[in-house]
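Number 1241 in my numbering belongs to position 158 of the sequence shown; there are no gaps in the numbering.
If you are wondering where the hints come from, they were derived from the structure by calculation, not from laboratory data.
A hint or two may mislead.
[What the hints assert, rightly or not] For lysine-lysine, the following DSSO-like pairs were computed, each having C-alpha atoms within a straight-line distance of at most 27 Å:
#1 1188 <-> 1232
#2 1105 <-> 1123
#3 1175 <-> 1121
#4 1131 <-> 1096
#5 1174 <-> 1236
[As the list claims (entries may be wrong)] Label-pair restraints from in silico Cβ distances:
#6 1150 <-> 1104: 18 to 26 Å
#7 1129 <-> 1217: 15 to 23 Å
#8 1105 <-> 1181: 47 to 55 Å
Quantities reported herein were computed from a predicted structural model and do not represent experimental measurements.
Glycine included, each C-beta is placed from N, C-alpha and C at the ideal position.
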Amino acid sequence: MTTVVGLIPKGDKAAYREEVLKLAAWCSENNLALNTKKTKEIIVDFRKHSTDPAPLYINGECVERAHTFRFLGILISADISWSENITAVIKKAQQRLHFLRVLRKYNLNSNLLLTYYCSSIESLLTYCITVWYGSCTVADRERLQRVVKAAQKIIGSPFPLTDGHLHLPLPQQSPNHH
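The task is simple: from the sequences and hints, build the whole structure.
This is the structure in C-alpha coordinates:
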(Lines of atoms letter the chains of each structure in order from A and count residues from 1; the text may use other names and numbers.)
(Lines give C-alpha, C1' and ligand atoms only; values in the text may rest on other atoms or scores of the structure.)
Protein backbone atom coordinates (compact mmCIF):
# COMPACT_ATOMS: atom_id res chain seq x y z
CA MET A 1 0.00 0.00 0.00
CA THR A 2 1.34 3.38 -0.95
CA THR A 3 0.13 6.62 0.57
CA VAL A 4 0.75 10.16 -0.59
CA VAL A 5 -0.08 12.84 1.95
CA GLY A 6 0.10 16.42 0.82
CA LEU A 7 -0.36 19.77 2.48
CA ILE A 8 -1.78 22.29 0.07
CA PRO A 9 -0.82 25.77 1.27
CA LYS A 10 -2.96 28.71 0.13
CA GLY A 11 -4.89 26.57 -2.34
CA ASP A 12 -1.82 25.80 -4.51
CA LYS A 13 -2.42 22.22 -5.59
CA ALA A 14 0.51 22.08 -8.04
CA ALA A 15 3.01 20.56 -5.58
CA TYR A 16 0.52 17.87 -4.53
CA ARG A 17 -0.31 16.93 -8.11
CA GLU A 18 3.41 16.87 -8.92
CA GLU A 19 4.01 14.37 -6.08
CA VAL A 20 1.26 12.15 -7.46
CA LEU A 21 2.85 12.30 -10.92
CA LYS A 22 6.25 11.44 -9.39
CA LEU A 23 4.68 8.41 -7.70
CA ALA A 24 3.11 7.27 -10.97
CA ALA A 25 6.44 7.73 -12.78
CA TRP A 26 8.33 5.84 -10.06
CA CYS A 27 5.88 2.94 -10.30
CA SER A 28 6.30 2.84 -14.07
CA GLU A 29 10.12 2.98 -13.85
CA ASN A 30 10.13 0.11 -11.35
CA ASN A 31 7.71 -2.07 -13.35
CA LEU A 32 4.91 -1.65 -10.84
CA ALA A 33 1.31 -1.19 -11.89
CA LEU A 34 -0.52 1.60 -10.11
CA ASN A 35 -4.12 0.40 -10.03
CA THR A 36 -6.19 3.58 -10.30
CA LYS A 37 -9.39 1.60 -9.75
CA LYS A 38 -8.16 0.86 -6.21
CA THR A 39 -6.74 4.34 -5.70
CA LYS A 40 -8.70 6.78 -3.56
CA GLU A 41 -8.28 10.47 -2.88
CA ILE A 42 -9.51 11.92 0.37
CA ILE A 43 -9.48 15.65 0.99
CA VAL A 44 -9.34 16.97 4.52
CA ASP A 45 -10.26 20.64 4.43
CA PHE A 46 -11.53 22.56 7.44
CA ARG A 47 -11.67 25.97 5.77
CA LYS A 48 -15.02 27.77 5.88
CA HIS A 49 -15.02 28.50 2.15
CA SER A 50 -13.46 25.43 0.63
CA THR A 51 -13.83 24.59 -3.02
CA ASP A 52 -13.78 21.20 -4.64
CA PRO A 53 -10.50 20.84 -6.48
CA ALA A 54 -10.40 19.50 -10.01
CA PRO A 55 -10.43 15.71 -10.28
CA LEU A 56 -7.09 13.95 -9.96
CA TYR A 57 -5.95 11.90 -12.95
CA ILE A 58 -3.28 9.21 -12.96
CA ASN A 59 -2.23 7.77 -16.31
CA GLY A 60 -5.33 9.28 -17.89
CA GLU A 61 -7.75 7.68 -15.42
CA CYS A 62 -9.77 9.68 -12.92
CA VAL A 63 -9.08 8.84 -9.26
CA GLU A 64 -12.16 8.29 -7.11
CA ARG A 65 -12.65 10.89 -4.39
CA ALA A 66 -13.92 9.28 -1.21
CA HIS A 67 -15.28 10.56 2.09
CA THR A 68 -13.84 7.56 3.95
CA PHE A 69 -11.32 4.87 3.20
CA ARG A 70 -9.80 1.92 5.01
CA PHE A 71 -6.11 2.29 5.83
CA LEU A 72 -4.39 -0.57 7.66
CA GLY A 73 -7.74 -1.76 9.00
CA ILE A 74 -8.98 1.61 10.23
CA LEU A 75 -11.69 3.70 8.57
CA ILE A 76 -10.41 7.24 8.11
CA SER A 77 -12.93 9.93 7.21
CA ALA A 78 -12.43 13.32 5.61
CA ASP A 79 -13.71 15.08 8.72
CA ILE A 80 -11.19 13.16 10.88
CA SER A 81 -13.92 11.83 13.14
CA TRP A 82 -13.76 8.23 14.22
CA SER A 83 -17.51 7.52 14.37
CA GLU A 84 -17.59 5.45 11.18
CA ASN A 85 -14.60 3.40 12.32
CA ILE A 86 -16.16 2.83 15.75
CA THR A 87 -19.51 1.89 14.20
CA ALA A 88 -17.76 -0.74 12.05
CA VAL A 89 -15.79 -2.05 15.06
CA ILE A 90 -18.94 -2.29 17.19
CA LYS A 91 -20.80 -4.11 14.42
CA LYS A 92 -18.05 -6.75 14.26
CA ALA A 93 -17.87 -6.95 18.05
CA GLN A 94 -21.63 -7.53 18.31
CA GLN A 95 -21.35 -10.41 15.85
CA ARG A 96 -18.64 -11.91 18.03
CA LEU A 97 -20.76 -11.35 21.15
CA HIS A 98 -23.28 -13.68 19.54
CA PHE A 99 -20.65 -16.43 19.45
CA LEU A 100 -19.77 -15.67 23.07
CA ARG A 101 -23.46 -16.20 23.94
CA VAL A 102 -23.43 -19.51 22.06
CA LEU A 103 -20.35 -20.63 23.99
CA ARG A 104 -22.06 -19.61 27.24
CA LYS A 105 -25.13 -21.61 26.23
CA TYR A 106 -22.93 -24.71 26.05
CA ASN A 107 -21.80 -24.10 29.64
CA LEU A 108 -18.16 -23.30 28.97
CA ASN A 109 -16.45 -22.09 32.11
CA SER A 110 -15.77 -18.40 32.57
CA ASN A 111 -12.01 -18.78 31.97
CA LEU A 112 -12.63 -20.13 28.48
CA LEU A 113 -15.24 -17.46 27.81
CA LEU A 114 -12.79 -14.81 28.96
CA THR A 115 -10.11 -16.26 26.67
CA TYR A 116 -12.52 -16.06 23.74
CA TYR A 117 -13.43 -12.49 24.69
CA CYS A 118 -9.79 -11.37 24.93
CA SER A 119 -8.75 -13.01 21.68
CA SER A 120 -11.69 -12.12 19.47
CA ILE A 121 -13.54 -9.14 20.96
CA GLU A 122 -11.11 -7.16 23.09
CA SER A 123 -8.44 -7.43 20.39
CA LEU A 124 -10.93 -5.97 17.92
CA LEU A 125 -11.94 -3.15 20.28
CA THR A 126 -8.34 -2.20 21.00
CA TYR A 127 -6.85 -2.53 17.50
CA CYS A 128 -4.91 0.70 16.84
CA ILE A 129 -6.62 2.24 19.86
CA THR A 130 -3.76 4.71 20.32
CA VAL A 131 -4.66 6.24 16.97
CA TRP A 132 -8.37 6.87 17.46
CA TYR A 133 -9.43 6.54 21.11
CA GLY A 134 -7.99 9.82 22.36
CA SER A 135 -9.98 11.85 19.86
CA CYS A 136 -13.24 9.93 19.72
CA THR A 137 -16.38 11.42 21.23
CA VAL A 138 -17.77 10.61 24.65
CA ALA A 139 -20.80 9.07 22.93
CA ASP A 140 -18.55 6.76 20.90
CA ARG A 141 -16.65 5.76 24.05
CA GLU A 142 -19.95 4.91 25.71
CA ARG A 143 -20.94 2.78 22.71
CA LEU A 144 -17.67 0.87 23.04
CA GLN A 145 -18.22 0.52 26.77
CA ARG A 146 -21.64 -1.07 26.18
CA VAL A 147 -19.94 -3.86 24.22
CA VAL A 148 -17.52 -4.49 27.10
CA LYS A 149 -20.38 -4.49 29.65
CA ALA A 150 -22.40 -6.90 27.49
CA ALA A 151 -19.43 -9.26 27.37
CA GLN A 152 -19.00 -9.04 31.16
CA LYS A 153 -22.67 -9.86 31.62
CA ILE A 154 -22.44 -12.86 29.28
CA ILE A 155 -19.29 -14.16 30.97
CA GLY A 156 -20.82 -13.56 34.39
CA SER A 157 -17.83 -11.99 36.08
CA PRO A 158 -15.90 -8.74 35.98
CA PHE A 159 -12.76 -8.74 33.92
CA PRO A 160 -9.47 -9.04 35.79
CA LEU A 161 -7.21 -6.00 36.17
CA THR A 162 -9.84 -3.51 35.06
CA ASP A 163 -12.60 -1.59 36.70
CA GLY A 164 -14.86 -2.70 33.88
CA HIS A 165 -14.15 0.30 31.68
CA LEU A 166 -12.44 0.27 28.34
CA HIS A 167 -9.78 2.86 28.81
CA LEU A 168 -6.48 3.97 27.45
CA PRO A 169 -3.86 4.96 30.01
CA LEU A 170 -2.51 8.43 29.43
CA PRO A 171 1.25 8.76 29.13
CA GLN A 172 2.92 9.69 32.38
CA GLN A 173 4.38 13.18 32.48
CA SER A 174 7.92 13.58 33.70
CA PRO A 175 8.29 15.21 37.14
CA ASN A 176 9.98 18.23 35.53
CA HIS A 177 7.08 18.85 33.13
CA HIS A 178 4.57 21.44 34.35
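Going down the list of hints, with the structure as the test:
1. 1188 <-> 1232: Roughly 18 Å separates the two Cα atoms, so the pair holds.
2. 1105 <-> 1123: holds (17 Å)
3. 1175 <-> 1121: holds (24 Å)
4. 1131 <-> 1096: holds (18 Å)
5. 1174 <-> 1236: holds (18 Å)
6. 1150 <-> 1104: 18 to 26 Å: holds (25 Å)
7. 1129 <-> 1217: 15 to 23 Å: holds (19 Å)
8. 1105 <-> 1181: 47 to 55 Å: holds (48 Å)
This entry satisfies every hint, going by the numbered hints stated previously.
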